[in-house]
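Assemble the whole structure, with the sequences as input and the hints as a guide.
Chains as they are written, first to last, in numbering that gives the first Met the number 0: chain A, 0 to 367; chain B, 0 to 334.
One should not assume that every hint holds.
Lysine to aspartate or glutamate pairs mimicking EDC-like chemistry, simulated, CA-CA at most 20 Å apart [claimed, not checked]:
hint, chain 1, residue 1, chain 2, residue 2
1, A, K122, A, E253
2, A, K57, A, D322
3, A, K79, A, D313
4, A, K79, B, D79
5, A, K188, B, D79
6, A, K304, A, E253
7, A, K97, B, D293
8, B, K59, A, E78
9, A, K231, A, E253
10, A, K55, A, E352
So these bits of chain B aren't anywhere near chain A, every CB distance computed over 12 Å [what the hints assert, rightly or not]:
hint, residue
11, K30
12, I49
13, M53
14, W78
15, L115
16, S177
17, D204
18, S207
19, A208
20, R214
21, R264
22, A290
23, Y292
Treat the hints as calculated values from the structure; they're not laboratory data. Cβ atoms here follow ideal geometry from the backbone N, Cα and C, with glycine treated the same way.
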Amino acid sequence: MKTIYKVAIPIAIIAVAVASAFVYLYSTAEQTVTLNGAGATFPFPLIDKWAAEYHKIKPNVQINYQGIGSGGGIQQHTEKTVHFAASDAPLTEAQAEKAPNTLHIPITIGGVVPIYNLPGVPKGLKFTGKILADIYLGKITKWNDPRLTAINPGISLPDQAIVVVRRSDGSGTTFIWTSYLSNVSPEWKETVGRGTSVNWPTGLGGKGNDGVAALVQQTPYSIGYVEFTYAKKNNLAYGCVQNAAGEFIEPSIESFSKAAEYAALTLPRGDESWSKVSIVDSLAGNKQASGAYPITSFSYILVYKELNVLPNMDRATAKALVDFFWWAVHDGQNYAADLYYVPLPSSVVAHNEETIRLITFNGQQLRG
Amino acid sequence: MMSEMRILRKTSLSSFGLKVKSLLHPKNPLKGDHVFKLISILFALSIFLILGLMVYELVKGSWLSIQTFGLKFIVGTTWDPAVSRVFGALPLILGTLVTSAIALLIGVPISLGAGLALSEYLPKKFGFAVSFLVELLAAVPSVIYGLWGIYVLIPFLRDHVYPYLQSVFGFIPPFSGSIYGGGVLTGGIVLAIMIIPTVSAVMRDLFSAVPNSQREAIIALGATKWETVKTIISYARSGVIGAIILGLGRAVGETMAITMVIGNRFHIWPSSLFDSWYTMAAIIANELLEATYDLYISALINVGLVLLFVALVINILARLIVWRALRLTRGIVRE
Chain A
0 MKTIYKVAIP IAIIAVAVAS AFVYLYSTAE QTVTLNGAGA TFPFPLIDKW
50 AAEYHKIKPN VQINYQGIGS GGGIQQHTEK TVHFAASDAP LTEAQAEKAP
100 NTLHIPITIG GVVPIYNLPG VPKGLKFTGK ILADIYLGKI TKWNDPRLTA
150 INPGISLPDQ AIVVVRRSDG SGTTFIWTSY LSNVSPEWKE TVGRGTSVNW
200 PTGLGGKGND GVAALVQQTP YSIGYVEFTY AKKNNLAYGC VQNAAGEFIE
250 PSIESFSKAA EYAALTLPRG DESWSKVSIV DSLAGNKQAS GAYPITSFSY
300 ILVYKELNVL PNMDRATAKA LVDFFWWAVH DGQNYAADLY YVPLPSSVVA
350 HNEETIRLIT FNGQQLRG
Chain B
0 MMSEMRILRK TSLSSFGLKV KSLLHPKNPL KGDHVFKLIS ILFALSIFLI
50 LGLMVYELVK GSWLSIQTFG LKFIVGTTWD PAVSRVFGAL PLILGTLVTS
100 AIALLIGVPI SLGAGLALSE YLPKKFGFAV SFLVELLAAV PSVIYGLWGI
150 YVLIPFLRDH VYPYLQSVFG FIPPFSGSIY GGGVLTGGIV LAIMIIPTVS
200 AVMRDLFSAV PNSQREAIIA LGATKWETVK TIISYARSGV IGAIILGLGR
250 AVGETMAITM VIGNRFHIWP SSLFDSWYTM AAIIANELLE ATYDLYISAL
300 INVGLVLLFV ALVINILARL IVWRALRLTR GIVRE
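Shown next as structure tokens:
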């Protein structure tokens with residue numbers, strides 16, 4: 000009798016434990032949804048914040064986002080290994096062909112600003128696009144070049160060589176910067192062009208926004224370009240840039256937002272080709288765009304219009320994904336400013352609502 | 000004795016069941032050895048498989064670039080992903096070789112001195128402590144060397160060392176030109192610091208391995224300490240060359256640290272030692288993530304293939320030299 004108890008009691012305990020574990024796992028497995036995303040590093044801090052905040056509201060939704068670069072994100076989107084990707088640039092025609100029916104959802108706005116290290120000169124030095132292009136072409140080599148002193152009266156610029164700093168790694172920031180330089184300088188367009196990395200005529204290369212910021216901080220008489228966030232975070236002096244309307248615009252959340260509003264007037268439908276969308280390009284030559292900072296860009300989330308093309312997709316996951324997007328473009332925007340991101344203007348939010356309504360699972364709309 | 004062992008085996012194996020029994024059958028006690036031998040051989044062959052797969056993948060990945068540029072890729076001097084989409088790797092190959100050569104010029108004398116001091120001059124206990132620290136340096140991740148390069152070494156060199164160098168040697172071209180801090184020489188110095196631990200540890204082992212009979216013989220002939228040391232170096236010279244080439248192998252493949260300090264500028268030849276340049280490993284680390292079209296990605300993988308080839312040649316050289324060293328010592332009476 001005793002031996003039977005010795006065996007039976009542990010077996011009973013184990014059986015109950017295993018059964019309850021199964022019940023627990025089964026019940027949570029039914030509810031917990033994991034959304035996987037990958038792509039650009041620029042929106043990473045924002046998406047990461049969203050993931051944490053959204054998990055508080057909807058504890059059953061877990062969002063994993065990996066900042067592996069726009070290129071890597073687009074590749075994973077094309078291979079259908081993530082639920083959504085993020086990219087600093089819209090898909091090109093060739094990329095869109097490989098990932099048909101991709102929707103573009105602008106989620107935040109970034110501005111690229113010229114930063115400089117000039118002992119004794121505060122922030123707000125004025126630059127025109129032509130001057131920036133010629134500095135980066137190696138044609139303007141001194142800080143007291145007559146073209147710089149002419150538009151900066153009252154500031155004594157030193158007779159020192161300009162140390163040009165740019166990115167060494169491929170990046171969306173470089174793409175926006177070189178797009179702007181291509182628009183304002185025909186010579187830049189023909190010899191260097193626009194790209195995530197280009198054949199730089201001059202300059203020191205720093206790795207990442209951090210690397211450029213560090214190089215400029217440490218090198219007297221240098222000039223560089225970074226995402227606005229990094230200029231703010233590192234307390235670097237940044238310049239004003241002339242827009243097509245002829246105004247010198249100080250980089251700020253307001254002037255970036257203004258730029259996005261002008262671009263929003265001509266945005267294509269979410270499921271049309273976005274390859275030509277560029278705030279930088281839409282502002283080039285737009286003399287009406289008063290108050291808009293010219294080197295501004297959207298950062299996008301890429302997602303398939305029909306979610307059943309993804310492997311292992313079910314309705315619950317699809318619904319959770321769409322609900323998350325809806326929250327991100329509305330309530331999620333409240334977290335942007337604290338992290339120096341630019342909240343989307345209401346016109347862009349309205350445009351995104353239309354795009355999110357296009358997302359379906361097995362042909363059924365997920366958000367009315 | 001034999002029968003005792005058999006009994007032992009039988010009793011201890013009875014609890015393992017049939018499978019083990021058939022493997023280590025008492026009638027064939029060597030069967031286990033055969034199995035072990037087979038597994039070991041398989042593991043050894045897997046190294047060929049891994050290298051083969053690596054070469055296959057690299058060639059496959061760079062096929063588009065090989066088709067487009069052919070051998071022109073190796074002699075090309077343009078890297079233009081944006082406008083003309085032409086890629087050539089010659090400046091990268093030169094940059095890699097020159098920075099590695101500078102690293103050897105600085106690192107080898109220091110390593111040689113350190114290795115000799117540890118094996119010949121310092122008291123055993125102290126030498127043990129120092130060699131422990133030296134080997135610890137080899138375990139520091141390269142990104143740490145890079146960060147230290149940016150925040151400590153570059154400002155120091157820019158403000159104190161390079162202006163002095165320029166004031167003394169400025170009349171010859173390699174020491175003229177603007178000083179930014181980062182650049183070819185800084186890259187070489189960081190690489191030197193990174194290879195010193197490995198190279199000096201190998202050298203210490205080499206010198207310690209020289210038989211004491213050699214030292215006793217030369218001292219008996221009336222040699223001074225310095226003459227003894229010279230004999231020891233010449234005794235171990237083949238091994239020393241092997242150690243240097245191992246260091247070169249590390250310098251050639253180094254990525255993170257060099258990317259962070261060299262300035263990453265693509266041009267055929269820098270105007271001075273203070274100018275910025277580029278290396279093969281650095282351009283892959285920099286551009287692969289955001290490479291936006293197939294030919295671009297393929298060209299970067301092609302750089303990887305060239306890098307593997309250069310590293311392979313260096314390692315084969317090192318092997319040949321080490322083999323020669325082994326053949327030399329085989330004929331000599333060992334302690």
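Out of the numbered hints, which ones does the structure contradict?
-> 4, 6, 10, 14, 16, 21, 22 and 23
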